[in-house]
Structure formats: C-alpha cells, structure tokens
Amino acid sequence: MTEATPGQTVGPFFHHALAYPGDAELVPFGAAGSVVLHGYVYDGAGDVVPDAMIEIRQADAAGVVPAVGGSLRRRGAGFTGWGRCCTDSAGHYWFSTVEPGAPFFAVTVFARGLLDRLFTRIYLPGADLDGLTAARESDGRLRFDIHLQGPSETPFFTFPRS
Amino acid sequence: MRCASLAFDLVTTSQHEISDEIAKIQADSPRGAPLLDFPPYRSTLLRHPTKDRQLVDPEGAELLAPVFGHSDVDPVESDLTIQRGGEPIGERIRVHGRVLDGDGRPVRRQLVEIWQANAAGRYSHQGDQHPAPLDPFFTGVGRCLTDDDGWYSFTSIKPGPYPWRNHHNAWRPAHIHFSLFGTDFTQRLITQMYFPGDQLLSLDPIAQSISSPGALERLIASYDHSRSEHEWLLGYRWDIVLTGSHATYLEPSDD
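From first to last, the protein sequence lines are chains A and B. The opening residue of the first sequence carries number 1 in this note's numbering; numbering runs sequentially from there. The opening residue of the second sequence carries number 1 in this note's numbering; numbering runs sequentially from there.
So here's chain A without its partners, still in its complex pose (with noise of 0.2 angstroms):
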C-alpha cells in the first residue's frame, strides 16, 4: 500500500469555504419523520470548542445507505447521509436528520488546534456504550457531546488499511 498523503488542522478559517446553506439539514428542520442531533464540543479544560466542524454519514430510516449526490445544494433533493456543522460560538453543532435503521451515526470531528481528523461514532439510545451513546432528550431531541480531551473524553476510533 501506498504511504497516505498526511492529515493537517482544518485551522481557524474554514468556514467560508467549507459551511453552505443547507450543510446541517439531512432533512428540512421540523420536517415530519425528523430528528434533531445536536450538542457540544469541549475541550480538555471543560471549555467549549467554538471552531470546530462535525460530519456525520448515516443510514435512511431503512437501514439503507444512500449513493446519491446532492448534498451541496439540498434543493428538496432526495435523502443523501451526510451534513456537516460547524459549531457556532457556544461549541454548539446540530443536525437535523432521521434516525438511521442502522446503529450508529459515523462521525468526523476536525478543530482548530487538532492536527488530524478524528472519527467516532453515535449510537442510538439503548446501545448504552459508554461515551458513545446519545441521549434523547424530553423534547425528543438526540444530545451528544463532544469532548476532545479531559476526563469524560469521547472514545475515538481508528481503522485498519490507515
């Protein structure tokens, strides 16, 4: 195998090439059949991580990954799997999606301050893995927080063939 071309900090001046309209929205906010995952990311002191940017890929509510383009420009377009938030000055992301008939939502997390991309993954209520699992929240929304460091660090993955 070819050595693979190695991973720098997204830095802090992403967000006008990388944030669209449309990026956090899997599905139109509100739309019926629709979930809000959202929460925050924080850093190894407690304090929130105000330039980071979430990816998340999923499944439909089938259990079905979709190989559909359209991400870029929603436009009503059909159900694609993947968004991208970039938190806001809280250290807040959210998406608004569907709960994947599949287990987990597969996460990238990229910061300022963090040299490569990081990957973790979302479980749905229930899994209870620890540090990996959602929480639904009395409003019906999925709440799960980020923390890059400290002691309730969220566990990340690596992956053979990297």
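Derived from the structure by calculation, the hints contain no laboratory data. The structure displayed is predicted, hence computed values, not measured ones. Don't be surprised by glycine CBs; every beta carbon is placed ideally from N, CA and C. Mixed in with the good hints, there may be bad ones.
[What the hints assert, rightly or not] If you anchor each label on the Cβ, the simulated ranges turn out as follows:
#, chain 1, residue 1, chain 2, residue 2, range
1, B, His230, A, Asp47, 45 to 55 angstroms
2, A, Asp128, B, Asp79, 48 to 58 angstroms
3, B, Gly86, A, Pro21, 20 to 30 angstroms
4, A, Glu153, B, Asp74, 36 to 46 angstroms
5, B, Ser202, A, His15, 27 to 37 angstroms
6, B, His230, A, Thr2, 31 to 41 angstroms
7, A, Ala45, B, Leu55, 20 to 30 angstroms
8, B, Glu17, A, Glu153, 28 to 38 angstroms
[What the hints assert, rightly or not] Residues of chain A clear of chain B, computed beta-carbon distances all greater than 10 angstroms:
#, residue
9, Gly33
10, Val36
11, His38
12, Asp88
13, His92
14, Trp94
15, Ser96
16, Val98
17, Ala127
18, Thr133
19, Arg136
20, Ser138
21, Asp139
22, Arg143
We have chain A; now place chain B onto it with these hints.
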C-alpha cells in the same frame, strides 16, 4: 490541564525555543501521521485526545463515502480568479494532481474543496485580523470534482505567508487547505498543500507535527513547467494519496 496552557507565554516564546521543542519531539518519535499531542503548536494542548484511538473494523455508513455529482459543483468553482468579476492581485497559478487511494487507484468523480489566503496573506474570513489588504476580487474558496482518472485542477493565486499568534514572530508558510473524500467514509482527509522551497516550513509547528521528513515531503507540491502557460500562469503538481479502501479489500482469513 489548564495550568499547562498558562505555562506558555505566547508573546515572548521565541522561534528558537519553539524550534528546540520541535527538534526534541522529532528525535523521539519520527512518524508519518501528524502527532496530535504536539505542544509546539500551542492550540493542541487542550484539544488532543489523551487516550489511544481504538482500532475498529469499519461498518455500515463507514464503508461508503458521501457521493457528490455535477448538481453539487459548478465547473467555474475550480477557477478562483474569476469569481468576483475582476482580476485578483498576485501570482496566477494552476494546481493540479491526482487523488489516489492507498492501493494506487484513482478516486473518481469525488469532491475536492480548497481554501486559502490571498496574495497578501489575508483570508476572506471575519476572524482573520492580520492587517494585510483584503482583495475584493478574491474569496480564496474553490471546489471541483475529480475526473474519471482521479485528476483535479484549480486555477488560483499563490497565497502569501501570514503571521499567527502561536509564539513571537510566528509565520505560517504559504499553503492551500484541501478537503478530500475517498470511496469509504474512513478515508476522509483535510490537509494543507505547501510550496517547494519555502524557508518557513522548517520553522512551522503545524507542518513539523509530521515528524518524518519523508512524510512532510508528501505535502509539498512540485513546480510543473509542463503545466505553466505562456504569459499566463505557473503550474504546480500535487498528488494526494488517501488511506486504503475497505470496500473491495478482503482481509486474509483462515475461514
């Protein structure tokens, strides 16, 4: 952990001290991937995981990257010199190359996103306070899809180096940020392309977080005279290799 960040005075730490720190770390652990725990880049202190990453076999959505198509990207988005109705100032360049997977196969019809500072070293981003001029004709943002052989190409302006607040008199080498997808979600990559011969590379904690010199070389484009154009622009070639795909790879098995 809080005290660790306060132990560094960003204003008075010199380049010499930063370079010493870099040299000590690199002597201990030369490796190809960037070190996440890399104190010379001060912002990593509270943002690097301290636990080992868990090795898992990819499943489900991890085996399939998002798909992008011609409805997602307009061909003019690959030319950063024509976006604002006037000519941006600076050295006109073309950056081209191939996106390959870890087995050398082209990554076809996949999204490439770039962003960069202008010729003066200033980003068109409200967070950039460097007192260098903005260019009304340059956003520094581009996108394209690779072709059927994995080739991408952007026309742009050579970005300038710029100062940052990591330490006293800290300067980032000129670079273009690249965001890439493969065929698997696990191949996701965001990185930075550098220019050949840049004297700032050896001083830069972000580039030097890749402690193996051979690996850092893979982030440096080469000047490509065959792609320079008479009285028009200078060509650079930069190929990108993603990690291996799992979709068509079968682990050796005893079954």
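The hints, checked one at a time:
1. Separated by about 54 angstroms at the C-beta atoms, histidine 230(B) and aspartate 47(A) satisfy the suggested range of 45 to 55 angstroms.
2. Between aspartate 128(A) and aspartate 79(B) the beta carbons are some 51 angstroms apart, a value that agrees with the proposed interval 48 to 58 angstroms.
3. Checking the proposed 20 to 30 angstroms range against glycine 86(B) and proline 21(A) shows it holds: the Cβ atoms sit about 25 angstroms from each other.
4. Checked against the hint of 36 to 46 angstroms, the C-beta distance between glutamate 153(A) and aspartate 74(B) comes to roughly 41 angstroms, which is consistent with it.
5. A beta carbon spacing of about 30 angstroms between serine 202(B) and histidine 15(A) agrees with the range 27 to 37 angstroms that was offered as a hint.
6. In this structure, histidine 230(B) and threonine 2(A) meet the distance hint of 31 to 41 angstroms, their C-beta atoms being roughly 34 angstroms apart.
7. Evaluation of the 20 to 30 angstroms hint for alanine 45(A) and leucine 55(B) yields a pass: the beta carbon distance comes to about 28 angstroms.
8. For the pair glutamate 17(B) and glutamate 153(A), the beta carbons lie near 29 angstroms from each other, so the given range of 28 to 38 angstroms is met.
9. Non-interface call for glycine 33(A) relative to chain B: holds, since the shortest CB-CB distance, roughly 19 angstroms, exceeds 10 angstroms.
10. For valine 36(A), the condition that its CB be more than 10 angstroms from all CB atoms of chain B holds, with the nearest at approximately 19 angstroms.
11. Distance to chain B confirms histidine 38(A) as a non-interface residue, since its nearest Cβ pair spans about 19 angstroms, more than 10 angstroms.
12. The beta carbon of aspartate 88(A) sits about 13 angstroms from the closest Cβ of chain B, which is more than 10 angstroms, so the claim that it is off the interface holds.
13. Listed as a non-interface residue, histidine 92(A) keeps its Cβ farther than 10 angstroms from every Cβ of chain B; the least gap is roughly 17 angstroms.
14. The Cβ of tryptophan 94(A) lies farther than 10 angstroms from every Cβ of chain B, with a closest approach of about 19 angstroms, so its non-interface assignment holds.
15. The Cβ of serine 96(A) lies farther than 10 angstroms from every Cβ of chain B, with a closest approach of about 17 angstroms, so its non-interface assignment holds.
16. Valine 98(A), annotated as away from the interface, keeps every beta carbon of chain B farther than 10 angstroms; the closest lies near 13 angstroms.
17. With 10 angstroms as the threshold on Cβ separation, the claim that alanine 127(A) sits away from chain B holds: the shortest Cβ distance comes to roughly 13 angstroms.
18. Distance to chain B confirms threonine 133(A) as a non-interface residue, since its nearest Cβ pair spans about 15 angstroms, more than 10 angstroms.
19. The Cβ of arginine 136(A) sits about 21 angstroms from the closest Cβ of chain B, beyond the 10 angstroms cut-off, so the non-interface label holds.
20. The claim that serine 138(A) is not at the interface with chain B holds, since no C-beta of that chain comes within 10 angstroms of its own (minimum 28 angstroms).
21. Aspartate 139(A), annotated as away from the interface, keeps every beta carbon of chain B farther than 10 angstroms; the closest lies near 26 angstroms.
22. Taking the minimum C-beta to C-beta distance to chain B, about 20 angstroms, the non-interface status of arginine 143(A) holds against the 10 angstroms cut.
Hint violations for this structure: none, all hints satisfied.
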